[in-house]
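Undergrad: Below are the chains, spelled out letter by letter.
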Amino acid sequence: MDNLRIDALIIGGGIAGMQSALDLADQGFQVALVEREPSIGGRMITLSKVFPTLDCCSCITTPKMSAVAHHPNIHLLTYCEVQSVREHGTGFDISILQKPRYVDVSKCTGCRDCEYECPITVPSPFDRNLGAYRAIRVPFSTAVPQKAVLDPEYCLWCGKCEQVCPVEAIDFTQQPETFNIEAASIVMATGFDLTPMETKKEYGAGKLHNVIDPLMMERFLAPTGPYGRVLRPGDGKEPTSIAYVQCAGSRDETLNITYCSRVCCMYAIKQAMLISGALPMAEITIYYMDIRTFGKGYEQFYQNAKAMGVEFVRGKVASIKEDSDQNPIVKVEMTDIGEIVERTHDLVVLSQGIIPASSPILRGGSTQAVSLPLGSDGFIYVPAPDSAPCVTERAGIFVTGTAMGPMDIVDSIISASAAAAEASAYIRENGNRVEAHKEALYA
Amino acid sequence: MSARVDPQFLTEIKKYGAVNIEACFNCGNCTAICPLSTNGETFPRRIIRYAQLGLKEPLLSSKELWLCYYCGECTRTCPKQANPGEFMAAARRYAIASYDPTGLAKALYTSPILSAIFLVLPALLIGLGIYAFHGPMPTNALKLFDFIPAGIIHNFGVIGMILLAVLLLAGMVNMSIKVKGEKTPGVHHDWMRALWETLIEVLTQQRYQQDCETEADKPVWYLQKWFIHASTLWGFLGLLVATALDYGLEVLGIKATGTWVPFWNPIRLLGTIAGLLLVYGTSMAFVRRIRKSDATSTYSTISDWAFLILLWLTGVSGFLLEIALYLPQPGIWAYWTLLFHISAAGELLILMPFTKFAHAMYRAIAIYFHALKPVPVAEPAKAGAD
Amino acid sequence: MSVQNQQPKILILGTLSGGYAGADSTGQSHLDYPANTYILPVMSPVMFPPEFYLRAFERGIDGIIVMYSGTDSPYKVEAEGTAKLINRAYQMMKERGIDIRRLRLAAICTVCVKPFLKEVNQMNDLLKGIGFVKDELAGRASAMAGKETAHG
Amino acid sequence: MPENQEPRIGVYVCHCGGNISGAVQCELIAKALKQLPNVTITRTDESLCSDAGQSMIEADIKELGVNRVVIGACAPMLHEQTFRGAVTRAGLNPYLYQHIGLREQDSWVHGHDKQAATDKALRLMSAGVAKARLLQPLEPIRLGAEKHALVIGGGVAGLRSALDIARQGLRVSLVERSPFLGGRMAQLESVFPTEEEARKLLHALIEKVAAHPDITIFTQAEVTGVAGYVGNFNVHVQQHTRGVTNENAEALMAACSQEVPDEFNYGLTQRKVIYKPYAGCYPSTPAVDWENYNGEPISLNGKQVVLKDEPKAFELNVGAVVVATGFDPYTPPQGEYGFGELPQVVTLPHLIRHLALTKNGQPLQWNGRAIRDVALIHCVGSRQVEGIHQPQADGQVNNYCSRVCCTATLHMTAELHKRYPQLNIFDLHQDIRTYGRGHEEYYRRTLEDGVRFLRYNGEELPKVSAAPKGDIHPVLVKVKDRLTYGEEIEIPVDLVVLAVGFMPRDIHGLEKMLKVSRGADRFLLEVHPKLRPVETAVNGIVLAGTAQGPMNIQESLSAASAAAAKVASLLGRGHVELPPFVASVDEHKCNGTGACVEVCLYEGAIALQTFEENGEQIKRAVITPANCVGCGACVSACPNQAIDVQGWTLAQYEAMVEAIGADMSALAEVAS
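Protein chains in written order, with the working numbering: chain W, 1 to 443; chain S, 1 to 386; chain Z, 1 to 152; chain R, 1 to 672.
Honestly, I wouldn't trust all of these hints.
Claimed, not checked - If we take Cβ atoms under 7 angstroms as the criterion, some of the chain W residues that face chain Z in the derived model are:
{"#": "1", "residue": "S95"}
{"#": "2", "residue": "Q98"}
{"#": "3", "residue": "P223"}
{"#": "4", "residue": "T224"}
These aren't lab readings, by the way, just hints derived from the structure by calculation.
All values reported here derive from a predicted model rather than from experimental measurement.
Ideal Cβ placement from N, Cα and C applies to all residues, glycine included.
Start from the sequences, fold in the hints, and give me the full structure.
TA: Written out as structure tokens, the structure is:
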């Protein structure tokens, strides 16, 4: 990999990172987009449909992924990690590690012959480990780039993939490579993780069979999901009574997470609506403290869900236990009437909150590559949110999307464009653009 | 019926403790996690809500206040760390003060200076008073009741008991009237059964035992909060019974107080075992409060400490006396111990209606009303059926 | 090399933002479906006048599935406009004696693999049952002829 | 030009490293297709997308005179652009190339039946050839773009947009209707969550905007007309006279005696008709309030001065327009929660101003009465329910959440408690929506401050009435409190504060001039909340801030910067390039039925124009490519087949369908 000199480095290839990259590239800036996974798309590409329009999620994500891949001003660096960032004038010297794919991307055509031949089945994190893929595979059907990647942790080095590859792209000798990028600015789009299920003992600490996280439900509902239908992971049965437990990882001082995760109300309502479409007989209950449907069109979405028969019960779920048939039992005070109910459901979705991504770019002693101060909530600190919402403490480094706090897709995309505006102004004002821009030939 | 808010009420209750309860946002977690809260009698949130809005009457008339054993589950899991368990304790203190017609309980709970005076003064007075009537302290043989005539103790005791009973009764009636609520005409209650259930519950502390420990981290039985509490209660009751029996024997002229009996004498044996239990229970409670083992022992008022200390002192001094009785050559200390024991016990009795001690009665009343169920009314025979 | 003329032909008009991309997704999943399916990319099917479908049947297409994006479409008029046009096409098909089940309108998203397969297989099964469109067109002609004879 | 010659088609079938050739007999197809008319050369290749593959195509164009290219390979999504590049490099128009997906739609899905897969490939490729014969060279629609943007609205969003656009090297004209910049934000005191002074933040921004050499500010100015399209809008602006000069302004203001209610303080105070809204406003020169000035002379130094408004009109040529026209706070109708009937019922914006006018240390009073108990009611004018709430003038209810009011209300209660710790505060809400970063903190803080929260049901609203005689409080609020199991709670208070929501602003027909539309909530509508969240359906017109919907300051700033980024991408190059796939009219066939105009849903995309031909007046449809999206609704509507979408013509589809339906046996015979 050659060293690069660019205007902006975007760290993170989720929806926010992609949007920032596109906005900068459309203005003619040279951009590099670094993604630690083998494909861009981030969390959004794993979702089913998006609220409040119920658009098919991949229909919105894949065109952006494709636009990123084809943009003449964007250097796409997948399966790469940022190792260090050093100030260099008003810009930065960044060291990037290219992790070995064991596949020559210049040869691979994404035909997946290797994948079909590979004897090793591996649980797929893309499907929240509900489904499986092979030790060598194209990460998912709409992955960008459409290139195979081999997982050395599971590979038996049997060589079958090498034998079937029609273009001799398999290369077991690949080594990690380091290269440098000189960038005039950086946009942090490092995204989020879910509050771990294990943290809340009262909710079974992740050990109950039919208590799942919301991203699992997204995979159940997604047309590309592992099963193509909603079922109980415990026994594969079709659930007829499904409950959402709101604030399962937010607004809870016992977890040390006091903030609101902002998206859970809406995704729970959205999933409830999608489930009622997929399982018309299913009864769905949402246990909540406050319904926070604050965005454009969100309140109406909530009212529609109520009208459709989704039951909303006010009360913080105190505990979830399991009966002998592995049915989760939810105990809650219905605060409107002051009664304690213990209800048995077939499936419970914990509306876990959003925590900052566990990216080693941000934390972890010696691996801390971009030293940026964090707020008390653990997200990247923004010193002046009411005058410069995307500007961090370090000049030339900007932040966008869920790296700066819980945010839905609309707000992430807007924030991504705003970060692009800040970064481009910074680059211009410091007068260190790298080269005359290229125009997208067939935009 | 609408109720008017009183924003000052919570401030009033907060004088009795209730650390951080203002953080409560009424999510209901406490009520649902509570092993004792049941429909029809939900708590703690209901009580917290009454306090927040200043609905004083519903709060004082709620038996739920006393159904809580303060296991601390609500406090441990509260998403706002508003400490509902401690609030319940504070609300109980507030209630004790409200039921108490003398106003002493309120002073004890809310004024550290007054409570300090009240804690030391009566004991001192009792001690001095009794000392004024004291006799010799023979050293050749232990003759405790030569030193202080049993009659004085008994008379003081009986007078004290009567006064105490009056005060307690006033508080109990106060509470009962509030908790009972309006009588529904035509509905009869099975009060016999309720009394029986109350007795069983008071003696066995079953609810505490069954519901108040989380299964997962239950310690060995003798370290459980339930056992510590129960051993204190049994110890106290045992000593009370032993003392009463002893007095009864004298009244009946069977055996004069102070007559030497072997340690296997049934009454003495009961006293010994009860004393051991009391000392164990109170000592463990001490340790827990000092270590702040969990939410339930984190916050302690002077009044809580006073109650505990007096129980412990009474227990330990009583026990020392018993040892002294069986020692071949007891020292002069035994007489002082007796004086101390009587002062402490007297103080304990005096404090009963005004401190945490009062929960013994109020809880019993609450349990009684909790157990009181309407008697199923027999279906009237259908007219014209024959 | 020989060609298979014995299979009825299915024409699929797939929108770039819907059916066509859905077919690509099906391909990426390597899921088999009948080969007598010919997918043409379209911006939006609202551009096709009803006569277009009639001419397609006359040219030997036995079934048509219009895979549009419906309300997910980037084009405002697509959902309502296409439905209107297809309805007019149905009218004309009835007049020509063509089984209207030969023309289907389906909303297919870019990753709607299963709905795509369902539509294709349903149409294929249908065509196996009702045969070639040319027979219908001819049959109608002969029926008309017969009718005239009967009345004449 | 090669494209005008007789088609010479080059056909290329990719093996895709066995991925296609594993199921499709590529060589046979190449051989068969060679038979078709106009096909000059057919080739197969192991990997066409490789450098070697691309070079081969380029060589054929240059050496064999190939002027149409048909490629059968993987999905067009992946490599269509690659091959367009190759074709362009060889000097051919990039749109004389047709891509057929043989991998995803053939070999990968029919691998079990090679015969069928080959047959399908043959038909698809011959359809490609049929279309290729009809391909016409196309040019992207390239419109010159003014490197100049118009920002309408001088509030925080407009200011931020203007600054960010100027920072990208473009010129900006900022038009503000009132005489002063700052908008609604100037009326705030402190902002959440940072507790910074609102006007201090605002002025830092205004200073940057005012100092930027590429930004021109027009105050007291309004847009009166808009023509043109993306890259080249012609905007008519009318600007009122300021009425005073820098020299005489202060003196005139001092001398002026006519007073009107001060809208800056929501009528809590009076101001003169020559005025400054607040000390330190921008511009600092006072201005005349023409709407209220009664025309009477003002005596200054013994002279009688009559002020005159002489509005001047001018035009701006801009490439893009940012609409940052802001919002209005909801005004409750007479009687809603006692508003307008009980003097003790005010709105949150009122209270903000009232508190600002109350000096620190001064007791809190309203109407001369000391305030000890306050109730704040959420969701006034938001989350309204049909049948429960009185509809607006347009018959609709505001069923949306106004997003900002929850945190704003708690921010206010925190401030009230800080200044007046003795105050009893009651908060009546449906849900507390402190969703943002640092917002939940306000909920925590106000709880700890002792604010009492009560929860009402949106269908059973709290009741506000005058207290019965003898009550020490003037107002009684009754609410069925969901947190107390629906018990009716009475709250005697001295002041009721209504946390009013956001109302879409009447922007005096501006939306019609701009041809942008409003959503169901009556706020301005974006194209798509995720794909293009700040752009309107009209190319070149973007939204910033609360004109689009309720937003707090932080969100308005982000939206404004995002709008700036869109404008910069659009205008940065000095021209706008749009794909050529738009409708085009065959003037020989068009006879002006107007059917196309009727079906078109895009403003200004198609119109009937009158031409004079051979002395006759004829009507004909004319396309404005900049406004056309190429959906083709007009194509199916035209009774004369006079319209087509370039690159996707009906004739091309007919040819492709014919090829698919054709009898291929002869072709196949030759190949085998």
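Undergrad: If a hint holds in the structure, say so; if it doesn't, say that too.
TA: Okay, the hints, checked on the actual structure:
Interface restraint check for S95(W): the shortest CB-CB distance to chain Z comes to about 35 angstroms, outside 7 angstroms, so the restraint is violated. With a cut of 7 angstroms, the hint placing Q98(W) at the interface with chain Z is violated, because the nearest CB-to-CB distance is about 25 angstroms. The interface hint given for P223(W) is met, as the beta carbon of that residue sits about 5 angstroms from the closest beta carbon of chain Z, less than 7 angstroms. Taking 7 angstroms as the C-beta cut-off, the interface hint given for T224(W) holds, the closest approach to chain Z being about 5 angstroms.
Hint compliance for this structure: hints 1, 2 are broken, all remaining hints hold.
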